[in-house]
Structure formats: structure tokens, C-alpha cells
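Engineer: So you can see what is in the structure, the chains are spelled out below.
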Amino acid sequence: ETGVTQSPTHLIKTRGQQVTLRCSSQSGHNTVSWYQQALGQGPQFIFQYYREEENGRGNFPPRFSGLQFPNYSSELNVNALELDDSALYLCASSLSGGDQPQHFGDGTRLSIL
Amino acid sequence: AQTVTQSQPEMSVQEAETVTLSCTYDTSENNYYLFWYKQPPSRQMILVIRQEAYKQQNATENRFSVNFQKAAKSFSLKISDSQLGDTAMYFCAFKANAGGTSYGKLTFGQGTILTVHP
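Here the protein sequences come in this chain order: A and B. Residues 2 to 114 (the numbering used here) are what the first sequence spells out, left to right. Residues 24 to 141 (the numbering used here) are what the second sequence spells out, left to right.
Among these hints, one or two may not hold up.
To be verified - Below 25 Å or equal to it, Euclidean Cα-Cα: the simulated SDA-like pairs (lysine to any residue) are:
no. : chain 1 : residue 1 : chain 2 : residue 2
1   : B       : Lys96     : A       : Asp100
2   : B       : Lys78     : A       : Ser87
3   : B       : Lys101    : A       : Pro102
4   : A       : Lys14     : B       : Glu52
5   : B       : Lys96     : A       : Ser87
6   : B       : Lys101    : B       : Thr83
7   : B       : Lys96     : A       : Phe46
8   : B       : Lys96     : A       : Lys14
9   : A       : Lys14     : A       : Ser87
10  : B       : Lys101    : A       : Lys14
11  : B       : Lys101    : A       : Gln101
Derived from the structure by calculation, the hints contain no laboratory data.
Chain A extracted, bound-state conformation:
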């Protein structure tokens, strides 16, 4: 069973640029959630995708957007990068259903210069 994989591992961008982060869900999982984790803090929910539709969103501006593909993999796009966007971005996949635990990838470390 393949776990959740994220790419790239680390990325450096400058303010104003755009970035795309990728996530492959665990085999059989149809739901993907994205979280932002600032250094030394707990993860903050960005949004969740289920069957290619956004299915819940946290308190993040519209420049954070996403996609989910028919194979359940997902992308997180961030436009007009700001210094505060520097963080670890975590992807988690799960089966649908409120009782299903989320399984996390290793994350993408995004640094904004």
C-alpha cells in the first residue's frame, strides 16, 4: 500500500510569484485535505477536496486554490506569494466518512524570500 506522497520536498520562491504543490493520495483514498503549518505551530486547515470538488475551506484568502484529479491526486496553488506564506504544507488523504482518519504526507517546505 503506497502512502501519501508530496512533491517537491522543498521549494524557494520570491514574493509575488506563484507556486504549485502536488499530492498523491494513499491508494483507495478519495478525499484530500491541505494544511499549512508555520514553524513551531499546529497545522491550519486550508481546504478539502472530495470527488474533484472543494468540500470545505478554512480561513485562507482566494489566492489559495486547489484541484483534485480523477485519480484523487491533488494540487495546491498559491498566487501572489507573501513572506507569511513560508511554512510546511501538509497533504492528508482519507476515505470519505466522518470517522475516517487522515493520513499525512511528509509535506513541502515552502520558503519565500
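Place chain B on chain A using the hints.
Structural biologist: Coordinates of chain B only, in the frame set by chain A:
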């Protein structure tokens, strides 16, 4: 909105001893799940244990057990026979039961850094 609070920024324990990490939460939901996740320096968030709010019996997974006090909105994690590999950041997390839908936002606490000393 739900909030999760971990009041211990750092804890330390000697190898083979027992340590308890605290977590409190606030919610108006009656049906929900609580989790403890472990995040070692390798960054991956690993599920340690979970508790369904409708179950009175405390969850146990090998050396890990919880003390779930629903009325007090408290959910502590006990690690018995601590091992060096338990050194990590531990997060308490809350998820409302979305019923038949798949929406399941995890709300995390600020984390507790646990160091196990040899």
C-alpha cells in the same frame, strides 16, 4: 468554531518512564472525534490514537492510552514505558462528525515537544 489547547509547550521524560500530555478543547458539537498525532523531526504527521466521543471507554494502542473526560472537555495522552523513538512533537486534534458527508476538518492544538532522555 472549535478550539484545541495544549498548555505544555515542552515535556521531558526518562526512558522507560511514563509521561502524560494534556489537551483541552472547546466545542458545541456533541458528536466528534479526537486524535493524537506525532510529528518527529522527519516531518511526517503520524496518527497515534483516536477516540470517538460517543464511546465512554478510553482508547488504548499498545503503550499509548488516553484519558477522555467529555464533560470536562479534556483529552490527555499517556505514554507508558517511554522509548527514545517517542521523541517528537505531539498534537491533539479535533474533528466534528460530518455524518454521511466527507467534510472533516481537523483542528489542531499548538503542540507539545516531548523529549525522551536515555
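Engineer: Holds or violated: B/Lys96 and A/Phe46, Cα atoms, limit 25 Å.
Structural biologist: Given that 25 Å is the threshold and the Cα spacing comes to 22 Å, the pair holds.
Engineer: A/Lys14 and B/Glu52: Cα distance at most 25 Å?
Structural biologist: violated (40 Å)
Engineer: Given the proposed pairing of B/Lys101 with A/Gln101, does the C-alpha separation stay at or below 25 Å?
Structural biologist: Holds, at roughly 23 Å.
Engineer: Would you mind confirming whether the straight-line C-alpha gap from B/Lys96 to A/Asp100 stays at or under 25 Å?
Structural biologist: holds (19 Å)
Engineer: Take a quick look at whether A/Lys14 and A/Ser87 sit within 25 Å of each other, Cα to Cα.
Structural biologist: With Cα atoms ~9 Å apart, A/Lys14 and A/Ser87 stay inside 25 Å; holds.
Engineer: So if I understand the rule, the pair passes when the alpha-carbon distance is 25 Å or less; does B/Lys101 with A/Pro102 pass?
Structural biologist: holds (20 Å)
Engineer: Given the hinted pair B/Lys78 and A/Ser87, is their alpha-carbon gap at most 25 Å?
Structural biologist: Cα-Cα ~39 Å, so violated.
Engineer: Keeping to a limit of 25 Å between CA atoms, is the pair of B/Lys101 and B/Thr83 held or broken?
Structural biologist: holds (9 Å)
Engineer: Taking 25 Å as the top limit, are the C-alpha atoms of B/Lys101 and A/Lys14 close enough?
Structural biologist: The hint is violated at about 41 Å.
Engineer: Would you mind confirming whether the straight-line C-alpha gap from B/Lys96 to A/Lys14 stays at or under 25 Å?
Structural biologist: violated (42 Å)
Engineer: Has the given pair, B/Lys96 with A/Ser87, been kept, meaning a C-alpha gap of at most 25 Å?
Structural biologist: violated (33 Å)
The structure fails to meet hints 2, 4, 5, 8, 10 from the earlier list, while all remaining hints are met.
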